[in-house]
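A.B. asks: Each chain, letter by letter, is given below.
2 protein chains.
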Amino acid sequence: MIIISIGNEILFGKTINTNASFIADQLYTIGIEVQKVITIADDKEQIFNTITTAFTETNLIVMTGGLGPTKDDITKQVICDYFHVGQKTDDTTLKEIQEMFQRRGFTLNEINRLQASIPEGAIALSNKNGTAPGIFMEKDQKILIAMPGVPFEMKAIVTHELIPLLKNRFQNHHIVIHKEIITAGIGESALSELIEPWELALPKHITLAYLPSPGKLMLRLTGRSDHGEEKILNEELEHQLTLLKKISKSYIISDQNQALEEVIGTLLKQKKGKMAVAESCTGGYLAHLITSVPGSSEYFEGGLVSYSNQIKKEILNVRELNLKKHGAVSEFVVNDMAINTMGLFDVDYTIAISGIAGPSGGTPEKPVGTVWIAVADPVKVIAEKFTFGSEGGREVVIQRAARAALYMFYKLLKGFYH
Amino acid sequence: MIIISIGNEILFGKTINTNASFIADQLYTIGIEVQKVITIADDKEQIFNTITTAFTETNLIVMTGGLGPTKDDITKQVICDYFHVGQKTDDTTLKEIQEMFQRRGFTLNEINRLQASIPEGAIALSNKNGTAPGIFMEKDQKILIAMPGVPFEMKAIVTHELIPLLKNRFQNHHIVIHKEIITAGIGESALSELIEPWELALPKHITLAYLPSPGKLMLRLTGRSDHGEEKILNEELEHQLTLLKKISKSYIISDQNQALEEVIGTLLKQKKGKMAVAESCTGGYLAHLITSVPGSSEYFEGGLVSYSNQIKKEILNVRELNLKKHGAVSEFVVNDMAINTMGLFDVDYTIAISGIAGPSGGTPEKPVGTVWIAVADPVKVIAEKFTFGSEGGREVVIQRAARAALYMFYKLLKGFYH
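Chain order of the listed sequences is W and G.
Position 85 (the first sequence) corresponds to 85 in this note's numbering; numbering is contiguous.
Position 173 (the second sequence) corresponds to 173 in this note's numbering; numbering is contiguous.
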């Protein structure tokens, strides 16, 4: 399968192509692999040529972009030209657009009406978040799918329309099963070294992929079978997962596609615990990660960004003695922060971070990237020092510190600290 | 110019191709435009074929990926195969690698030594952040540039080596000048409508591009000339910018490539003001944006994430009467928050946010996406209500609310509220 992304803004370098990643990920879960992603400009001739060439390498193309109300003509026209067909009005789509306009109290104009026009012989893929439908065109044993480039419109079409449709078409004899686990607290290369003997011993029809994304590393086991024996394949995969879990210990945090902040939320809800955070160098990013989880208000009371020493002293009651003697970035200060945050927010679990995000503020003893983190529950406080370096810049230190703090907190909740 | 990104992890959909955006953006500033971005797998034959096809469409290819210590052979070998050359050891690179290993106290092995090997006739582009150098290969009027796929290694090579080299090569007769301004507080389509008459009147050799990225919208004016009259072109662009500024009023926040949080920092430093924030639904994201700016500790004292009503009352002294009578998401409560944050953090400027990020928590009167924001300086408090809708999900409400708050704060600092 080849993805063609249309959009000048991607070629200008100002928009990152997240659509292609989403489509690749979704289609991979039903066993369809992307062999190439091509990004091109909003240009009729280039679109036509790219489709023509791509169809010499694949019989399935997924396109995004160029289907908005104003640019509608280009992409649709190219599809019609390529397949030598005309356009027709899709009645269901027209009805959907009319209803959407009625709900919002607008009247339909000619441009809106044209949105319901699709190539002859194509199927319209209903767009719950916009007026331009997706297009599913099949002719001469070639399938071309076109969707709008607006991410939340495209995502709705992929999830609700495209995946069910393709699943039906492509999953008849060939069976593909995926098992995913999420790891944290260990880098890709260190994990790879740890599990290498297991990985080398995998049977040929089971493959492993490392799928890092910000803040989490997913391992995906893919099993394939041409005999349609789903149950056996499933058991094989489960067996391999059990072996993997044994060697990778505390680093496996979930066997669902969950980030650390979600896993922590689940654990806290089980314990009926309440938490709060105090952060300095991460400047609110830790609280942001935690509150990005829907329903986090059930266990997250709040956080303090104590950016200055003044605030650490006055609001958080950090001892002046500790600040003076050991400095703001020290075990003593993060311990004070973690303990006093409990009282300030009246909670039983806390996280505290103090460090040097850079680019300035480093010293020979405490270079940029030095971060102290403490986590506390009702009976103990655990502090650790990290050196994240300065190579990646300020943003990388902030992200790594917040992630490391969440992992320490995870270990605390799981009882891994004794 | 065509960019070829090599990487299975991009095709699996788990890594987003940010490298291509960075390269496109950087090369565009020296007048080189990307016509296509192609992402392919780490596969010798596919790389070879993609290079071959791409060179029928362009004479400049920039490749990333496949140059790490273990995968080194593939990409380098493909380049040698394509150009029919052998490999040679680059002495400068070998010396750099040796020095890097010496500094870290490691001994060099054969694999490390191989990193210094490049195709015959190529120039090594020094990699300050890793051992694999970039490769600049020119033969038969074709230029192929290959760099490692690790973003911070690639970025160092592009900035310090590639851009100066290409600038020298491609900017002799043809002149390209860019002028950029950053806008905020207005959507792309509303801005486009506002400035349409001006845009339509632009001379042919001056073009306008909208370059949206999270939280900011950049407008880039590009002027071209084949006569080498830089000064005249510059004056023309400045003239157009002056006209543009006149019609787009308060929406232009900077004529450098600065986000709102950076502009605010500059304004606060000028005023020698100190600020703090109190946020509810944005959960730390506002503080994170502000502290993502290097040097923000000069004016940012701290923030409170008051996620529960309890915390709003007890730490922030929000009146129970207001919480009960008007609810946490109300003008009364954000005003209380903004004013009391001043006292709590002892600052002269504050921002307060309270809203419903969703997916749950909405009511008919206050649906998901309803957000109240207040900004305060020593003499006034300004509150505004926003309805960001629920279509984009929780994350979109959080981002829009934080951005809207920064824009209100910008207007406050600039004296646009009376």
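In short, the hints are calculated from the structure, not lab data.
Because the structure is a prediction, the values reported are computed rather than measured.
Any given hint could turn out to be false.
Given that identical chains are not distinguished, each listed pair holds provided it fits within a single copy or across any two copies.
To be verified - SDA-like, lysine to any residue: derived pairs with alpha carbons at most 20 Å apart:
{"hint": "1", "residue 1": "K249", "residue 2": "P359"}
{"hint": "2", "residue 1": "K155", "residue 2": "T15"}
{"hint": "3", "residue 1": "K179", "residue 2": "Q46"}
{"hint": "4", "residue 1": "K411", "residue 2": "P378"}
A.B. asks: Hints first: check each against the structure and report whether it holds.
C.D. replies: Now for the hints, and whether the structure bears them out:
1. K249 x P359: neither (36 Å within a copy, 34 Å between copies)
2. K155 x T15: Both. Shortest intra-copy (17 Å) and inter-copy (17 Å) distances satisfy the 20 Å Cα cut-off.
3. K179 x Q46: Neither: 39 Å inside a chain and 28 Å across chains, both beyond 20 Å.
4. K411 x P378: within (15 Å within a copy, 45 Å between copies)
Going down the numbered hints, you'll see the structure goes against 1, 3, while the others check out.
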